[in-house]
Amino acid sequence: MATSRIYLRHPAAADQREFLARVQASRKLHGAWVAAPDTPAKYRMFLRRCADPASCTWFVCRKDTNEIAGLVNVSNIVRGLFQSAYLGYYAFAGFEGQGLMKEGLRAVVRDAFTRMKLHRLEANIQPGNAASIALARGCGFALEGYSPRYLKIAGRWRDHERWAILAS
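Each residue of the sequence shown is one higher than the last, beginning at 1 in the UniProt record's numbering.
In short, the hints are calculated from the structure, not lab data. Among the hints, erroneous ones may be present.
[Claimed, not checked] With a cut-off of at most 30 Å between alpha-carbon atoms, the simulated DSSO-like pairs for lysine-lysine come out as follows:
1) K28 with K42
2) K42 with K152
3) K117 with K102
4) K28 with K102
5) K63 with K42
All chains should be modelled from the sequences, with the hints used to inform the complete structure.
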């Protein structure tokens with residue numbers, strides 16, 4: 001999957017060095033919003049989760065430099081009558097605010113609703129994360145509700161807003 005500026009590809013073991021360097025350089029950007037794998041052992045665990053059939057992860061890469069700009073993850077895919085999944089994403093420092101993640105996220109949503117035949121994607125976002133909310137909104141997600149103390153990130157249970165998009 002690709003656009004004029006980005007392409008999507010699945011993570012690989014060979015990406016470990018670049019990925020961990022980008023996570024380290026993005027600590028300030030990610031703050032309390034993201035708990036990205038930040039050690040070789042955590043990256044190996046991340047790759048094992050990527051191999052789970054109930055999950056699909058893509059790196060958003062710049063076409064001109066092949067650099068990893070961010071990632072998008074479709075996880076906890078439930079089939080049967082539900083046909084739904086959760087969506088997570090984050091950009092790396094130096095790539096934010098350029099529209100690269102918007103292109104990547106739109107491509108993943110399109111793939112989830114066409115090839116993967118999902119009906120619904122849900123993204124849970126902390127209320128203060130204005131950039132992430134703007135990205136979800138800009139890709140057609142609608143606010144559905146509020147979940148107090150939803151996820152434990154950086155050692156604290158954090159409130160989240162539920163944003164979702166439907167295939168139809």
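Outcome of the hint check:
1. A C-alpha spacing of about 19 Å is found between K28 and K42, which places the hinted pair at or below 30 Å, so the restraint holds.
2. About 17 Å separates the Cα atoms of K42 and K152, which keeps this hinted pair within 30 Å; it holds.
3. For the hint linking K117 to K102, the alpha-carbon distance of about 21 Å falls within 30 Å, and the restraint holds.
4. Restraint check for K28 and K102: the C-alpha separation of about 21 Å stays at or below 30 Å, so the hint holds.
5. For the suggested pair K63 and K42, the alpha carbons sit about 27 Å apart, so the restraint of at most 30 Å is met.
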